[in-house]
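Asks: Two chains, two frames, a set of hints: combine them into the complex.
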Amino acid sequence: MKKEDLFDLLGGADEKEVMNAREYRAQKTRPAWVKWAALAACVALAFGAVVGYPLLFSGGSPEVAGNYPPGVTVVSAQTPDPVSAEMDNQQFIESDAHWNWWQAYREKVAESTPLQEGLNGCYTSVMAQLLEAEDENTVASPLNIYIAFAMLAETADGNTRQQILDLLGSPDIETLRQNVRTIWQSNYVDTPMVKSLLANSLWLREGDNFNEKTLQILAENYLASSFRGQPGSDEMNKALQQWTDANTGGLLKEYTKDLKLDPSMVAAIMSTLYYKAIWSNEFYAEDNTQEIFHGTKGDTDATMMHRSDTMFVYRTDAFTAVSLGLIDSGSMFFYLPSEGTDVNSLASDPDVLNAIWHDNDPTDEGWAVPLVNLSVPKFKVSAKTDLLDAMKALGLTDALDPGTADFTPLREEGENLFISTAEHAATVEIDENGVTGAAYTMMAYGEGALLVEEEIDFVLDRPFLFVVTGMDGSVLFSGIVRNIE
Amino acid sequence: MDDERIVALYWDRNEQAIEETAHKYGAYCGQIARNVLDSGPDAEECVNDTWLHAWNAMPPQKPSLLAVFLGRITRNLAFDRWRRNRSEKRGGGQIDLVLDELAECVSGADDPAHAVQAQELAKEIDSFLAGLSEDKRAMFLQRYWYADSIRTIARRFAMSENNVSVTLSRLRGKLKTHLHERGYDS
Numbered sequence: 001m002k003k004e005d006l007f008d009l010l011g012g013a014d015e016k017e018v019m020n021a022r023e024y025r026a027q028k029t030r031p032a033w034v035k036w037a038a039l040a041a042c043v044a045l046a047f048g049a050v051v052g053y054p055l056l057f058s059g060g061s062p063e064v065a066g067n068y069p070p071g072v073t074v075v076s077a078q079t080p081d082p083v084s085a086e087m088d089n090q091q092f093i094e095s096d097a098h099w100n101w102w103q104a105y106r107e108k109v110a111e112s113t114p115l116q117e118g119l120n121g122c123y124t125s126v127m128a129q130l131l132e133a134e135d136e137n138t139v140a141s142p143l144n145i146y147i148a149f150a151m152l153a154e155t156a157d158g159n160t161r162q163q164i165l166d167l168l169g170s171p172d173i174e175t176l177r178q179n180v181r182t183i184w185q186s187n188y189v190d191t192p193m194v195k196s197l198l199a200n201s202l203w204l205r206e207g208d209n210f211n212e213k214t215l216q217i218l219a220e221n222y223l224a225s226s227f228r229g230q231p232g233s234d235e236m237n238k239a240l241q242q243w244t245d246a247n248t249g250g251l252l253k254e255y256t257k258d259l260k261l262d263p264s265m266v267a268a269i270m271s272t273l274y275y276k277a278i279w280s281n282e283f284y285a286e287d288n289t290q291e292i293f294h295g296t297k298g299d300t301d302a303t304m305m306h307r308s309d310t311m312f313v314y315r316t317d318a319f320t321a322v323s324l325g326l327i328d329s330g331s332m333f334f335y336l337p338s339e340g341t342d343v344n345s346l347a348s349d350p351d352v353l354n355a356i357w358h359d360n361d362p363t364d365e366g367w368a369v370p371l372v373n374l375s376v377p378k379f380k381v382s383a384k385t386d387l388l389d390a391m392k393a394l395g396l397t398d399a400l401d402p403g404t405a406d407f408t409p410l411r412e413e414g415e416n417l418f419i420s421t422a423e424h425a426a427t428v429e430i431d432e433n434g435v436t437g438a439a440y441t442m443m444a445y446g447e448g449a450l451l452v453e454e455e456i457d458f459v460l461d462r463p464f465l466f467v468v469t470g471m472d473g474s475v476l477f478s479g480i481v482r483n484i485e
Numbered sequence: 001m002d003d004e005r006i007v008a009l010y011w012d013r014n015e016q017a018i019e020e021t022a023h024k025y026g027a028y029c030g031q032i033a034r035n036v037l038d039s040g041p042d043a044e045e046c047v048n049d050t051w052l053h054a055w056n057a058m059p060p061q062k063p064s065l066l067a068v069f070l071g072r073i074t075r076n077l078a079f080d081r082w083r084r085n086r087s088e089k090r091g092g093g094q095i096d097l098v099l100d101e102l103a104e105c106v107s108g109a110d111d112p113a114h115a116v117q118a119q120e121l122a123k124e125i126d127s128f129l130a131g132l133s134e135d136k137r138a139m140f141l142q143r144y145w146y147a148d149s150i151r152t153i154a155r156r157f158a159m160s161e162n163n164v165s166v167t168l169s170r171l172r173g174k175l176k177t178h179l180h181e182r183g184y185d186s
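Chains as they are written, first to last, in our numbering: chain A, 1 to 485; chain B, 1 to 186.
Isolated chain B (complex conformation) (with noise of 0.2 Å):
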């Protein structure tokens, strides 16, 4: 079924809604939360509970993409429930090493004025992606927004783990610079 069709479900409140929602996107979404949470339980029912969200986003919301727009409900939820269980294991998927590989770009410190910046600091990143080739753009967003595995997008680009490694390197370098520059998080 059409994303249109689907998201006229949710506006008529048809369950069939979120049946057809599972069955287009629950790989999708599922990956996602694999990817940030180790526990295939944990990941299952941040799937179940995006449907729950996009139950009660639309209406109002409309989206476009229908695909980013779950995908980013997931995203969300596996990340605040990887906080949550943090306290009591480390994750073991690959959020750990995607959070280390931030934790290049920013300072680290407690920032009260970032809530203020947020809407700026998420127009600079999207002008860092705008700015990057397609292939790398889309190897970046792979790594820190779908936080896939180095070995998944190796194979993928047809390319070593290492080169990908590398090539994220640099990007994250050249993200860090990027904030810099704008007098962000110095």
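Extracted from the complex, chain A is given alone in its bound form (with noise of 0.2 Å):
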């Protein structure tokens, strides 16, 4: 037979197949084409006490988190084995392993994909919170804050309660938790290929009597590990940094160093994400060229990365955005605010997060494919946020006001405990082969007193924002680089 007759018969192949073929495209509306993002993300909410917590970094170098001080009494939540360990990248992605991993995955991401839309709001809100600045670069993880609020209301009631549910989306908390659960199961992956590894804990004070329904919805629904001991002892900062350095892959040393829980602190919560892929197509370092980065603090010099391909281009009058896919997971996606544009203004912009859902839409007039000469800077940005000036405006007042603050649910006690500490911590990194980040927020209870077709040159070589999702579009980083140092 020759092959001319191969390519006939076959197209005569079953029509049913034929049409389902088709559709399967039709389906996948999120594409993934990274092929180096490595990321992590960590949030805690401070009650007191300490716990240990085992995390597997096949791939990278954190140290292991497994010998607490003593002093610190742990019960370690369960999370799911990583999926072929024994292999490398080449031997898992050209294994059954992988596909039988990826069938079970895409079922997951289908059931978190539609979830997706209604996080929209919070996540603009939260970036326009975090990124706005004037000459420092900023990065965080919306995700993480997101989880991280989730557990903050399972611990709240009444207003307190309601406050963080309207800025979540959620009619109610049930609703929340099964969100959580589904989002979580999407980006949880442990693959040869992919790390997106989530985590959660509570530092409890030894000796409070905590509401042990709270503490289990938060292991069962969260897979919160805990922690008990005496907020303000080497033993428990020492747990709480070693843990968090653990499961963010120790990319966030600089600030978990001065992590610490005030003796004050009856509480706290800790939320996590690591996160590392593979650009689906890599860069060439002998590509990589010396260019000038016109940053607000003046010009620096910036290793640029380039290349030459067809792309998904989005464009607004506020911005121009290109789409990096990730292997096996999201996509990193680039926008260069138009002439005139101040890059803060993007923070706020729905269209931002628009352009994601749009993604590999070719019905939608905002979308082009034309042929891309991108020059990427390679970059690392890290910032530390206060985030109880955030929380304030983005509505949750009741929870930092020992007046009002309501977590009953906590603690018996509960109408004495407000939020007196929080901040948000976050990285990223790309280079040749993909991306970098760690992120962390911390949340803490406190007691008493009250504290408070065609072809476009695409260089971005001036302030410019990012987003990196997840396969479901989860937005787990994003940040705005103003300046290379």
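Simulated from the structure, these hints should not be mistaken for laboratory data. Only a predicted model underlies this, so the values are computations on that prediction, with no experimental measurement involved. Cβ atoms here follow ideal geometry from the backbone N, Cα and C, with glycine treated the same way. Please note that a few of the clues may not be correct.
Coverage of chain A stretches by chain B, computed from C-beta distances (three or more under 8 Å per stretch; other residues unrestricted) [as the list claims (entries may be wrong)]:
1) 4 to 18
2) 326 to 333
FRET-style restraints, in silico, Cβ to Cβ [claimed, not checked]:
3) B/E45 - A/E174: 56 to 64 Å
4) B/G26 - A/I456: 24 to 32 Å
5) A/D234 - B/R170: 52 to 60 Å
6) A/K16 - B/R182: 19 to 27 Å
7) B/A103 - A/A85: 34 to 42 Å
8) B/R151 - A/E485: 29 to 37 Å
9) B/E19 - A/S348: 50 to 58 Å
10) A/R315 - B/L97: 53 to 61 Å
11) A/K392 - B/R170: 50 to 58 Å
12) B/R13 - A/K16: 27 to 35 Å
One side only, chain A facing chain B, incomplete, derived with CB under 7 Å [said to hold, decoys possible]:
13) M1
14) A21
15) I93
16) E94
17) S280
Replies: Next comes the structure, spelled out in structure tokens:
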């Protein structure tokens, strides 16, 4: 038989299957094309206690979080086992194990994807609060903050809880809990190709009478490990730093070294995200050039990575966006503001996340697929933000005010509790292979005193915004690069 | 407009049928034609010819899946045109690559019995496809029915191009074995 005959014969294939093959395309609205993204994020709500947590970083070299200081009692949550940990990238991708994993994973993503559009409002509000700045680079993990706030809502009641539900776009706590579970399922990935590891923990003051039912909900639904000890003690602080480092791949040590629980703190919630994925199409170091980056603090030298390819490009009056895929995961989107547009205005521009939702949708007018001469600077951005002001601006006022805060689900005498400390830190780095990053948020409960087709050039040589998404569209990281240092 | 009504228009010999078809399936058929033929004008002609063929085929035919019915016409027309053109120039579209890949599955010899066997062979191909998982079947058909590029497929499946190539290569090996074991094209 000749190859042409086979092609002819194949034309007669079962028409239902031919249609299904086409619809398979239609179902897949989320492309994923990245080659090396490594990101870590972490959120903490401060209660007061210490827990140990075994984390598995098959690829990296973070410290093992096994042995916690004496004086700290640990109940570890059970996380899913890694998939095919014995294989390397290439073996895994060629194996049936990959197919099996992929099919199961696709179902999880299909459940989580429809939830994402409902989170855009929350994500945009969070980005507006955390990314707007003058000269400093800013970076945050909206997904991480979302999960931390969801845990906070579990410990709250009355209007304190309602304000959190309003921000998170959930009608009630049960729906929120279910949504977090679904999102968690589609964002927890531990394969040789992708690490997207989420972890939560509770830090509780030894001797306090915490509500077992609430702790159980947090353990079962949020897979929160729990640590009990004396807040303010060296042991407790060490355990907190150790756990956070282990669950963020050690990427946030410049900030975690200062992490501590004040002796007055009763409890804390900590939530982390570590992410690492690979560009679908990597950059080649030999193509790199040294170029000028026109930052807000003046011109600096930057190492530019280049690629010319047809790419998905989204345009509005305010920006032009390009997305790069991550293997077995989401995408990284780069947003270059139009001349005359302040990059800060993109942080609150709803079109930024709309672009993600219309990614790879050829029927959407904003998207085109021209040949793009892409120049992206290699960069690493890190930032730590006080979350208290952001929470106030986001409408979570009751939680911060000892007079109104209601955390009775956490502890019987919960009316005395309020959020006294909250901070978020993140870092994202990209290179020829992919992206690396980390972030954490810490929220602590205090007691008593009040505290508060064509061709375009896409050259990222001036301030720009970026977003990294999971396969389901969850916004894992977002940031604004204003200067390359 | 739903397919049933479009088909009814054909049966009524109402020329609006072509307008509706072009509106609904122009992009779908156009993509198939462009995958096979490098030249934009050639592909466009193929799509226009598709409407004419559909007009001549209905009645008597009443396709249950209009999209595939039309897509198949486009695929045949585009492939015929490619065969006519190829003495003049190599295509440059996906089709050369697709055919080179398919060459791995067959002997390449002239086979006079093939015409007789075509029906049985078609059944074998369906049974081969039925034995694949849904994802692999979709990937195989995207490449060898629609002649989609590896890059397009990789994007849809959220995989690397290398991964798609490797997967397709394994599937071709399976098809070859499948045909061999059943005594075809040895």
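Asks: Hint by hint, note whether the structure agrees.
Replies: Outcome of the hint check:
no., hint, verdict
1, 4 to 18, "holds (count 15)"
2, 326 to 333, "holds (count 3)"
3, B/E45 - A/E174: 56 to 64 Å, "59 Å, holds"
4, B/G26 - A/I456: 24 to 32 Å, "27 Å, holds"
5, A/D234 - B/R170: 52 to 60 Å, "57 Å, holds"
6, A/K16 - B/R182: 19 to 27 Å, "23 Å, holds"
7, B/A103 - A/A85: 34 to 42 Å, "39 Å, holds"
8, B/R151 - A/E485: 29 to 37 Å, "36 Å, holds"
9, B/E19 - A/S348: 50 to 58 Å, "44 Å, violated"
10, A/R315 - B/L97: 53 to 61 Å, "32 Å, violated"
11, A/K392 - B/R170: 50 to 58 Å, "57 Å, holds"
12, B/R13 - A/K16: 27 to 35 Å, "29 Å, holds"
13, M1, "4 Å, holds"
14, A21, "4 Å, holds"
15, I93, "5 Å, holds"
16, E94, "5 Å, holds"
17, S280, "6 Å, holds"
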